[in-house]
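K.L.:
Chains A and B are the protein sequences, given in the same order. Oh and the first sequence: position 165 is 165 in the working numbering, straight run, nothing missing. Oh and the second sequence: position 276 is 276 in the working numbering, straight run, nothing missing.
Treat each hint with caution, since some may be false.
Given that identical chains are not distinguished, each listed pair holds provided it fits within a single copy or across any two copies.
No farther apart than 20 angstroms at their CA atoms in a straight line, the calculated lysine to any residue pairs in the SDA-like style are these [stated by the list, open to error]:
#1 K224 with E120
#2 K182 with P201
#3 K36 with V126
#4 K182 with E243
#5 K288 with M15
#6 K36 with G215
#7 K182 with L19
#8 K182 with S97
#9 K182 with H114
If you're looking for bench data, these hints aren't it; they were derived computationally from the structure.
Each chain, letter by letter, is given below.
2 protein chains.
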Amino acid sequence: MSATASSNPVLVEVMRGALVESRHAGAVAIADATGKLALALGDVERPIYPRSAVKVLQAILLVESGAADAFGLGDAELAVACSSHSADRIHVEAVRSLLGRAGLDESFLACGAHWPVSEEAFRDLVRRRARPLPIHNNCSGKHAGMLAACVHLGFDPRGYERADHPVQIAIAGIISETCGIKLNRDDAGVDGCSVPTWPLPLVALAQGFARFGSGALLPATRAKAASRLAQACFARPDLVAGEGRFDTIAMRALAPALFVKGGAEGVHCAALPGLGLGIALKVDDGAKRGTERALAEILVSLIPDARTALAEQLSGEVLNWRGLRVGQAVASAALTQELAAIAIAPRRKARAP
Amino acid sequence: MSATASSNPVLVEVMRGALVESRHAGAVAIADATGKLALALGDVERPIYPRSAVKVLQAILLVESGAADAFGLGDAELAVACSSHSADRIHVEAVRSLLGRAGLDESFLACGAHWPVSEEAFRDLVRRRARPLPIHNNCSGKHAGMLAACVHLGFDPRGYERADHPVQIAIAGIISETCGIKLNRDDAGVDGCSVPTWPLPLVALAQGFARFGSGALLPATRAKAASRLAQACFARPDLVAGEGRFDTIAMRALAPALFVKGGAEGVHCAALPGLGLGIALKVDDGAKRGTERALAEILVSLIPDARTALAEQLSGEVLNWRGLRVGQAVASAALTQELAAIAIAPRRKARAP
Numbered sequence: 001m002s003a004t005a006s007s008n009p010v011l012v013e014v015m016r017g018a019l020v021e022s023r024h025a026g027a028v029a030i031a032d033a034t035g036k037l038a039l040a041l042g043d044v045e046r047p048i049y050p051r052s053a054v055k056v057l058q059a060i061l062l063v064e065s066g067a068a069d070a071f072g073l074g075d076a077e078l079a080v081a082c083s084s085h086s087a088d089r090i091h092v093e094a095v096r097s098l099l100g101r102a103g104l105d106e107s108f109l110a111c112g113a114h115w116p117v118s119e120e121a122f123r124d125l126v127r128r129r130a131r132p133l134p135i136h137n138n139c140s141g142k143h144a145g146m147l148a149a150c151v152h153l154g155f156d157p158r159g160y161e162r163a164d165h166p167v168q169i170a171i172a173g174i175i176s177e178t179c180g181i182k183l184n185r186d187d188a189g190v191d192g193c194s195v196p197t198w199p200l201p202l203v204a205l206a207q208g209f210a211r212f213g214s215g216a217l218l219p220a221t222r223a224k225a226a227s228r229l230a231q232a233c234f235a236r237p238d239l240v241a242g243e244g245r246f247d248t249i250a251m252r253a254l255a256p257a258l259f260v261k262g263g264a265e266g267v268h269c270a271a272l273p274g275l276g277l278g279i280a281l282k283v284d285d286g287a288k289r290g291t292e293r294a295l296a297e298i299l300v301s302l303i304p305d306a307r308t309a310l311a312e313q314l315s316g317e318v319l320n321w322r323g324l325r326v327g328q329a330v331a332s333a334a335l336t337q338e339l340a341a342i343a344i345a346p347r348r349k350a351r352a353p
Numbered sequence: 001m002s003a004t005a006s007s008n009p010v011l012v013e014v015m016r017g018a019l020v021e022s023r024h025a026g027a028v029a030i031a032d033a034t035g036k037l038a039l040a041l042g043d044v045e046r047p048i049y050p051r052s053a054v055k056v057l058q059a060i061l062l063v064e065s066g067a068a069d070a071f072g073l074g075d076a077e078l079a080v081a082c083s084s085h086s087a088d089r090i091h092v093e094a095v096r097s098l099l100g101r102a103g104l105d106e107s108f109l110a111c112g113a114h115w116p117v118s119e120e121a122f123r124d125l126v127r128r129r130a131r132p133l134p135i136h137n138n139c140s141g142k143h144a145g146m147l148a149a150c151v152h153l154g155f156d157p158r159g160y161e162r163a164d165h166p167v168q169i170a171i172a173g174i175i176s177e178t179c180g181i182k183l184n185r186d187d188a189g190v191d192g193c194s195v196p197t198w199p200l201p202l203v204a205l206a207q208g209f210a211r212f213g214s215g216a217l218l219p220a221t222r223a224k225a226a227s228r229l230a231q232a233c234f235a236r237p238d239l240v241a242g243e244g245r246f247d248t249i250a251m252r253a254l255a256p257a258l259f260v261k262g263g264a265e266g267v268h269c270a271a272l273p274g275l276g277l278g279i280a281l282k283v284d285d286g287a288k289r290g291t292e293r294a295l296a297e298i299l300v301s302l303i304p305d306a307r308t309a310l311a312e313q314l315s316g317e318v319l320n321w322r323g324l325r326v327g328q329a330v331a332s333a334a335l336t337q338e339l340a341a342i343a344i345a346p347r348r349k350a351r352a353p
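Please build the complete structure, drawing on both the sequences and the hints.
P.N.:
Here is the structure:
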């Protein structure tokens, strides 16, 4: 596996002084709803674990099952069900609301606890000498959505996190159909929050996000569910991640031209509904520094407004402890050359049928 | 530069479920005091910024100038001068002692401030609603040592952090001579703590650490200074990093067979005085996860006792938020095969002259 892995091109170079100090290799697929590739850089056929980048696909069941309507879920509850949230007050309240509408409480959450991503929320807990709870886990909204789906579908919510629970089997089916690929259930990994993460190649993920964003090639009920989730995230990008974070910044500025969601270990997915395209990206080493800088470059090539919206992400400034600029993360020549080739073409050739 | 960079082999694979989820490529040099390579994996000739991995070489001036004797510095002050410390109370006290003995105070520190590496120290500041100070910077001991050398040598301490200050020029000279390579001063980078970091290939760093550890091919005064610094770090490994951290754990268990020091962006250097070898390692993406797992594997191949001492580092367990084991960081076949080839040989062929 090593030989294959190291063949991915460098996507991002981190400069310091006169040298490239560090570099992030990886692979990128941009595809339309049929799976036709607008860009393939690196190994886009090798399965990867999409982790939290597919939370919006995992949340489709919550809507298409009728649970969202039955429980009267609004934008806040749906956006947080698709989120990797920072555990600020607004996030915790939205998760509690989602659980409460399904008649459940925090004791059902099987995601485990970690300190809040939000510095403010973290410090607040420290000052109160409190420990983090499962609701502070960045995945608690996704778990609350899975639990609500269980209640509506009559599944026992206990054990909902296991790969063989009917709610996970139903979600795996939706991901498989949306991405147009059979999932190998034996190859499931366990995510940081204890639910299964199913391996998929980047090309299938990109295709799935093209379908998610445009509705193309999806059954009508699923297309409607996807649209409702996207609209919820566009309405409440503050709930999908948190202040200062990539997905919140990008969707706040660029929705509805862009849906975007990151996951652990350097995965990021995006949908560009207007262009009928989906994007899936994985940095080999798992570093968000590489993923977000590369994705910013990709988005700018496809959505001109992204240059202003993502100015800080594109600048890639490396500051030292005195605030001096000592380096810069830049897109590699391999990435920028590939992007230059597609930037003139996608509107013409990559629209979904 | 991309093409060269991506040619380094994968050193560490991070497994999850059925897949290699992430991987860390990099380069490793193991050399004796003459620069003869016992192992070269990846591009060991390309210059890298050694960052904090060379703090012990930067501290040689403090001892060989006579400053350490003049100010009556003991093991604690010398160990913290070589440290990337956690800012626990013991570290802050040792830095204050070093500054005080040189007749200076914290106001001279030009390293900038960051939150303590130590979780306990960090939480203590948060609870007191205090902000971190320069003395909490993991590099404050190195800066205090540079300041003390300035005082002893009659240099104006103001501006001591700049590449053209006489203390930095003297330190660059020591690094250049110890590593047996001319430094290109135009290629200096600015470190996170604002002092210069000089580019060196891994092979020169490995040679320099072989000389540092054994004294071979060093002038007598420098060999004595190196030995005194190593003894200080061996006596106080708790001050070189902090509880739970690689360098403290490794030296506490393995000194005097091992001196080891990590730096930012995936650099790590080590000296094995008994074998006359030095080790220098850089992970391309800068991730400590890759560097420390690879270094643990390397050390086990050279120091049998390391298997027990570094058991946790070698296990490479990836736990999720509920404490379930969901993956493992393992040494790649490329690394383990190279190590198997040298493990039987170094005592015989790689001893310094």
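K.L.:
Work down the list of hints and note, for each, if the structure agrees.
P.N.:
Comparing the hints with the structure gives:
{"no.": "1", "hint": "K224 with E120", "result": "neither (37 angstroms within a copy, 49 angstroms between copies)"}
{"no.": "2", "hint": "K182 with P201", "result": "within (11 angstroms within a copy, 47 angstroms between copies)"}
{"no.": "3", "hint": "K36 with V126", "result": "neither (50 angstroms within a copy, 52 angstroms between copies)"}
{"no.": "4", "hint": "K182 with E243", "result": "neither (36 angstroms within a copy, 47 angstroms between copies)"}
{"no.": "5", "hint": "K288 with M15", "result": "both (16 angstroms within a copy, 18 angstroms between copies)"}
{"no.": "6", "hint": "K36 with G215", "result": "within (16 angstroms within a copy, 62 angstroms between copies)"}
{"no.": "7", "hint": "K182 with L19", "result": "between (44 angstroms within a copy, 17 angstroms between copies)"}
{"no.": "8", "hint": "K182 with S97", "result": "neither (35 angstroms within a copy, 65 angstroms between copies)"}
{"no.": "9", "hint": "K182 with H114", "result": "neither (33 angstroms within a copy, 48 angstroms between copies)"}
In the structure shown, a violation is registered for the earlier hints numbered 1, 3, 4, 8 and 9, in ascending order.
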